[in-house]
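Chemist: When the letters of the sequence shown are read in order and numbered with the numbering used here, they come out as residues 46 to 140.
Simulated from the structure, these hints should not be mistaken for laboratory data.
Don't be surprised by glycine CBs; every beta carbon is placed ideally from N, CA and C.
Please note that the accuracy of each hint is not assured.
[What the hints assert, rightly or not] Pairs of lysine-lysine residues, derived as BS3-like cross-links and limited to a Cα-Cα distance of at most 30 angstroms, are as follows: (1) Lys131 to Lys109; (2) Lys94 to Lys105; (3) Lys114 to Lys94; (4) Lys49 to Lys109; (5) Lys109 to Lys94; (6) Lys131 to Lys94; (7) Lys49 to Lys94; (8) Lys114 to Lys49; (9) Lys131 to Lys105; (10) Lys49 to Lys105; (11) Lys131 to Lys49; (12) Lys114 to Lys131.
[Said to hold, decoys possible] Pairwise CB distance ranges (calculated): (13) Glu98 to Glu126: 34 to 42 angstroms; (14) Asp123 to Val60: 17 to 25 angstroms; (15) Asp95 to Ile122: 26 to 34 angstroms; (16) Glu126 to Lys105: 20 to 28 angstroms.
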Amino acid sequence: MAFKPLHDRVLVRRVESDEKTKGGLIIPESAKEKPAEGEIVACGEGARKDSGELIAMAVKQGDKVLFGKWSGTEVTIDGEELLIMKESDILGIIA
46 MAFKPLHDRV LVRRVESDEK TKGGLIIPES AKEKPAEGEI VACGEGARKD SGELIAMAVK
106 QGDKVLFGKW SGTEVTIDGE ELLIMKESDI LGIIA
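Model the full structure from these sequences, guided by the hints.
Modeler: Written out as C-alpha coordinates, the structure is:
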(Lines of atoms letter the chains of each structure in order from A and count residues from 1; the text may use other names and numbers.)
(Lines give C-alpha, C1' and ligand atoms only; values in the text may rest on other atoms or scores of the structure.)
Protein backbone atom coordinates (compact mmCIF):
# COMPACT_ATOMS: atom_id res chain seq x y z
CA MET A 1 0.00 0.00 0.00
CA ALA A 2 1.45 3.34 -1.02
CA PHE A 3 -0.40 5.62 1.40
CA LYS A 4 1.07 7.38 4.43
CA PRO A 5 -1.13 9.63 6.60
CA LEU A 6 0.19 13.08 7.44
CA HIS A 7 0.71 14.71 10.84
CA ASP A 8 -1.38 13.09 13.62
CA ARG A 9 -3.65 11.04 11.36
CA VAL A 10 -3.92 7.25 11.22
CA LEU A 11 -5.25 4.77 8.67
CA VAL A 12 -7.52 2.15 10.29
CA ARG A 13 -8.96 -1.15 9.02
CA ARG A 14 -12.24 -2.03 10.74
CA VAL A 15 -12.31 -5.40 12.53
CA GLU A 16 -15.47 -7.31 11.66
CA SER A 17 -17.71 -8.44 14.51
CA ASP A 18 -19.14 -11.92 15.02
CA GLU A 19 -22.07 -12.98 12.87
CA LYS A 20 -23.71 -14.82 15.77
CA THR A 21 -24.81 -13.70 19.21
CA LYS A 22 -23.66 -15.53 22.34
CA GLY A 23 -27.01 -17.35 22.30
CA GLY A 24 -26.38 -18.64 18.77
CA LEU A 25 -28.70 -16.31 16.83
CA ILE A 26 -27.39 -15.27 13.42
CA ILE A 27 -27.33 -11.51 12.88
CA PRO A 28 -28.44 -10.50 9.36
CA GLU A 29 -26.19 -8.13 7.41
CA SER A 30 -28.85 -5.38 7.44
CA ALA A 31 -29.02 -5.37 11.27
CA LYS A 32 -25.27 -5.19 11.88
CA GLU A 33 -23.68 -1.97 13.06
CA LYS A 34 -20.32 -0.91 11.75
CA PRO A 35 -17.70 -1.96 14.29
CA ALA A 36 -15.97 0.71 16.34
CA GLU A 37 -12.88 -1.46 16.65
CA GLY A 38 -10.00 -1.62 14.19
CA GLU A 39 -6.34 -2.18 13.48
CA ILE A 40 -3.88 0.60 12.68
CA VAL A 41 -2.59 0.12 9.12
CA ALA A 42 -0.40 3.24 8.91
CA CYS A 43 0.46 6.28 11.06
CA GLY A 44 1.65 9.79 10.40
CA GLU A 45 4.76 11.09 12.16
CA GLY A 46 2.81 13.08 14.79
CA ALA A 47 1.56 16.58 15.51
CA ARG A 48 3.78 19.60 16.01
CA LYS A 49 3.74 22.17 18.80
CA ASP A 50 3.78 25.88 17.98
CA SER A 51 7.53 25.80 18.59
CA GLY A 52 7.90 23.15 15.85
CA GLU A 53 8.72 20.33 18.25
CA LEU A 54 7.28 16.95 17.20
CA ILE A 55 4.74 15.27 19.49
CA ALA A 56 5.19 11.50 19.00
CA MET A 57 2.18 9.30 18.23
CA ALA A 58 0.81 7.13 21.07
CA VAL A 59 -0.28 4.41 18.60
CA LYS A 60 1.72 2.41 16.09
CA GLN A 61 1.07 0.17 13.12
CA GLY A 62 -0.56 -3.10 14.16
CA ASP A 63 -2.25 -1.75 17.33
CA LYS A 64 -5.87 -2.79 17.90
CA VAL A 65 -7.88 0.30 18.82
CA LEU A 66 -11.35 1.39 19.84
CA PHE A 67 -12.77 4.57 18.28
CA GLY A 68 -15.98 6.60 18.28
CA LYS A 69 -18.95 5.38 16.23
CA TRP A 70 -18.84 8.28 13.73
CA SER A 71 -15.09 8.89 13.78
CA GLY A 72 -12.96 9.31 10.70
CA THR A 73 -13.48 9.57 6.98
CA GLU A 74 -14.17 6.45 4.93
CA VAL A 75 -11.84 5.97 1.96
CA THR A 76 -11.16 3.16 -0.51
CA ILE A 77 -7.49 2.36 -1.10
CA ASP A 78 -6.45 -0.54 -3.32
CA GLY A 79 -10.08 -1.77 -3.30
CA GLU A 80 -10.21 -1.95 0.52
CA GLU A 81 -12.49 0.26 2.64
CA LEU A 82 -10.46 2.00 5.36
CA LEU A 83 -10.83 4.96 7.73
CA ILE A 84 -8.60 8.00 8.07
CA MET A 85 -8.90 9.67 11.46
CA LYS A 86 -6.99 11.92 13.82
CA GLU A 87 -5.21 10.25 16.69
CA SER A 88 -7.48 12.16 19.09
CA ASP A 89 -10.52 10.25 17.70
CA ILE A 90 -9.06 7.01 19.09
CA LEU A 91 -10.52 6.17 22.51
CA GLY A 92 -7.94 3.57 23.50
CA ILE A 93 -5.66 0.68 22.60
CA ILE A 94 -6.94 -2.86 23.16
CA ALA A 95 -4.30 -4.95 24.92
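Chemist: If you check each hint against the structure, which ones fail?
Modeler: Result: no hint breaks.
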